[in-house]
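Chemist: Single-letter residue listing:
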Amino acid sequence: MKLAFCLTRDAIDAPLDQRFGRAEFYGIVDSETGAFEAFENSAKHASGGAGSKAVQQLVDKGVEAVIAPEVGPQALDALNAFSITAFRQGGCTTVQKALDAFKAGTLEKVEKPGNKGLHRA
Amino acid sequence: MTIAILSGKGGTGKTTLSTNLAGVADNAVLIDCDVEEPNAHLFFRPKLTATKALEVRYPEIDNDLCTHCRKCAEFCRFHAIIAGPKVTLVLKELCHDCGGCFAVCPSGAVSFGSRTIGAIHTCEILDGKTLVYGVLDTGELSGVKIIDEVKHMVEDAPLVLIDSPPGTSCSAVAAVEGADYAVIVSEPTPFGVSDMKMVVELLRTMDIPFGVVVNKSGIGDREIYDYCESEGLTILGEIPFDRDLARGYAEGTPACTMSESYRDMFYGIWTVILDAAEETVNGRS
Ligand code: SF4
Ligand code: SF4
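Sequence lines, in order, name chains A and B.
Be aware that the first sequence starts at 1, since it is given in my numbering, and climbs by one per residue.
Be aware that the second sequence starts at 1001, since it is given in my numbering, and climbs by one per residue.
Keep in mind that the hints were calculated from the coordinates and are not lab data.
Note that the structure is a prediction, hence the values are computed from the model and not measured.
For glycine and all other residues, C-beta sits at the position ideal for the given N, C-alpha and C.
Heads up, a few of these hints could be off.
Mimicking EDC-like on lysine to aspartate or glutamate, the simulated pairs with C-alpha atoms at most 16 Å apart in a straight line are [claimed, not checked]:
no., chain 1, residue 1, chain 2, residue 2
1, B, Lys1086, A, Glu64
2, A, Lys109, A, Glu64
3, B, Lys1071, A, Glu70
4, B, Lys1086, A, Asp60
5, A, Lys2, A, Glu37
6, B, Lys1216, B, Glu1231
7, A, Lys61, A, Glu37
8, B, Lys1052, B, Glu1149
9, A, Lys103, A, Asp30
10, A, Lys112, A, Asp60
11, B, Lys1071, B, Glu1060
12, B, Lys1092, A, Asp60
Derived Cβ-Cβ restraints for the label pairs, each shown as a range [claimed, not checked]:
no., chain 1, residue 1, chain 2, residue 2, range
13, A, Thr33, B, Asn1039, 53 to 63 Å
14, A, Pro15, B, Thr1116, 19 to 29 Å
15, A, Lys61, B, Pro1106, 46 to 56 Å
16, B, Glu1231, A, Ala11, 40 to 50 Å
17, A, Arg88, B, Pro1085, 19 to 29 Å
18, A, Arg88, B, Thr1234, 45 to 55 Å
Please build the complete structure, drawing on both the sequences and the hints.
Modeler: Structure representation (C-alpha cells):
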C-alpha cells in the first residue's frame, strides 16, 4: 500500500511538515516493499487551490492513504472521491514514527467534519 | 463618477467614512462590496426594495463520456478539476466560471450546472438614496462575481461610492477596478501605516489616483503624516478621534445625520474628495 507523508525536506528522515496543501515535499512509502520516494510539492506557493493541487499530485502517484497534520473539508472530500484515506500524524515527527503508528493502527482517521464541509447542494 | 473607499485592514473607519459620505453627497449611490462581511446597511434603517440570488456556473463531468485525458484539469489554473485514472472530479468552490474546461474537452463530457453563491440586496436609505450590498454565502471562497454584479447594477448612476473589502485581496481588486478615484482610510498608528502601504502599491499598480483620509487623528503618532509626505500622497481630510462617532452604528444612522457639526465635517471632507477626484478625472481626459 502506498502511503504519502508531508515532509520538510526530500529525505526519509526529514521532520514531517506541519502543513498539508503547502508542505515543502511529499514522501511516499510503499508499506510492503519499504520503497521510498520524495518529490517537491508544486503547489506550495500556489495562491489558491493548494489543497486541490496537493490531491492531484497524490492521485498521480497512485497513493492509497495520506498521513497529514490536518486535512481541510474540501481536500478531504477530494481525497475520498479518489478512495484515498487520510490520517492525522498527531504527535509523530518522522516518517518512521508515523509509519509505525499507522501499522499499529493508532493513527486517527480524518472523517468528514459534520456539516462544516464546503460542499452543499 | 465612481469613488472607491479602501483600507489596509478592517476596522479603520472605512465604513464610517463611506456611510457618512453617502449621507452628505448629493445623488450618491452607496455600494457595499465587502461581501464577506457587509456592514454599511447597519448604519442605516434600510428599506429593502429588491433582493436577488447570485448564481454562478460550474462544470459537471459525465464520467461515461469522459476519456480521462486530463486536458480539463491541466487547463484549469484554479485547480478546480482533479484528474484521476478513473474519476475526473470538479471542486465547484474553486471554479471561476471561465468556461475553459468545456472548450478544451475533446469528448463533450463537460456541461454546466449552476448554483447560488450569495445574494444582492437593494435598499432605500436616508430619504431616497440607494444602497446596494452583496452577501457571500458562508463557505464560499470568492466574492468577485457578486462584486462585479453589484457594480454592474449601478453603472448608470452618476455618483457611486464603493465601500471596498479591506486589504488587497482579489475582492478588493474587483471592487476598485474601474474606479475614477480612490480614498484610503487609515489610522495614525504604526500598524495602520504598514497595512496602508500595500493598498498604496495596489492602487499605483492599477493606475487609480487616490488620496488619504486619516481616521482618529489626534491619537497615535506622526508616522502616517511623514509617510504621506515622503510618498507625495494627498491628505484629503481627518476625522478626529471621537467616541460619539461610533454611535451611528448603534443607532442605525450615520453621524452626519445626528448633528450639524458632524454633517459639516463630513461635508467638508466630501468636497475635498470630490474636487480632487474631478481634478484628476478632468486632468486625464
Ligand atoms: S470553468 Fe474554468 S475555472 Fe471552472 S473548472 Fe472549468 S477551467 Fe476551471
Ligand atoms: S477534458 Fe473531457 S475527456 Fe478529458 S478528462 Fe476532462 S472531462 Fe474527461
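Chemist: Compare the structure with each hint and give your call.
Modeler: Evaluation of the provided hints:
Among the hinted pairs, Lys1086 (chain B) with Glu64 (chain A) is consistent with the structure: their alpha-carbon atoms are about 14 Å apart, no more than 16 Å. The hinted pair formed by Lys109 (chain A) and Glu64 (chain A) meets the criterion: a straight-line CA distance of about 13 Å does not exceed 16 Å. Between the alpha carbons of Lys1071 (chain B) and Glu70 (chain A) the distance comes to roughly 30 Å, so the proposed pair goes past 16 Å and is violated. Between Lys1086 (chain B) and Asp60 (chain A), the direct Cα distance comes to roughly 11 Å. Compliance with the 16 Å bound is thereby established for this hinted pair.
Taking the CA atoms of Lys2 (chain A) and Glu37 (chain A), the gap is near 11 Å; set against the 16 Å cutoff, the hint holds. Taking the CA atoms of Lys1216 (chain B) and Glu1231 (chain B), the gap is about 21 Å. The hint is violated against a cut of 16 Å. With a C-alpha separation of about 10 Å, the suggested pair Lys61 (chain A) and Glu37 (chain A) falls inside the 16 Å cut-off, and the hint holds. Distance restraint check for Lys1052 (chain B) and Glu1149 (chain B): the Cα-Cα separation of roughly 11 Å lies within the 16 Å cut-off, and the hinted pair is therefore satisfied.
A hinted pair counts as satisfied when its Cα atoms are at most 16 Å apart, and Lys103 (chain A) with Asp30 (chain A) qualifies at roughly 12 Å. A hinted pair counts as satisfied when its Cα atoms are at most 16 Å apart, and Lys112 (chain A) with Asp60 (chain A) does not qualify at roughly 23 Å. Only pairs whose Cα atoms come within 16 Å are accepted, and Lys1071 (chain B) paired with Glu1060 (chain B) is accepted, the gap being roughly 15 Å. Simply put, Lys1092 (chain B) and Asp60 (chain A) have alpha-carbon atoms about 21 Å apart, too far for the 16 Å limit, and the pair is violated.
Distance hint check for Thr33 (chain A) and Asn1039 (chain B): the Cβ-Cβ separation is about 58 Å, which falls inside the suggested range of 53 to 63 Å. With their beta carbons about 44 Å apart, Pro15 (chain A) and Thr1116 (chain B) fall outside the hinted range of 19 to 29 Å. A beta carbon spacing of about 25 Å between Lys61 (chain A) and Pro1106 (chain B) contradicts the range 46 to 56 Å that was offered as a hint. Separation of Glu1231 (chain B) from Ala11 (chain A) is about 47 Å and conforms to the stated range, judged on CB atoms against 40 to 50 Å.
Between Arg88 (chain A) and Pro1085 (chain B), the C-beta spacing of about 27 Å keeps the proposed range 19 to 29 Å intact. Distance hint check for Arg88 (chain A) and Thr1234 (chain B): the Cβ-Cβ separation is about 53 Å, which falls inside the suggested range of 45 to 55 Å.
Hints 3, 6, 10, 12, 14 and 15, counting from the list given before, are not met by this structure.
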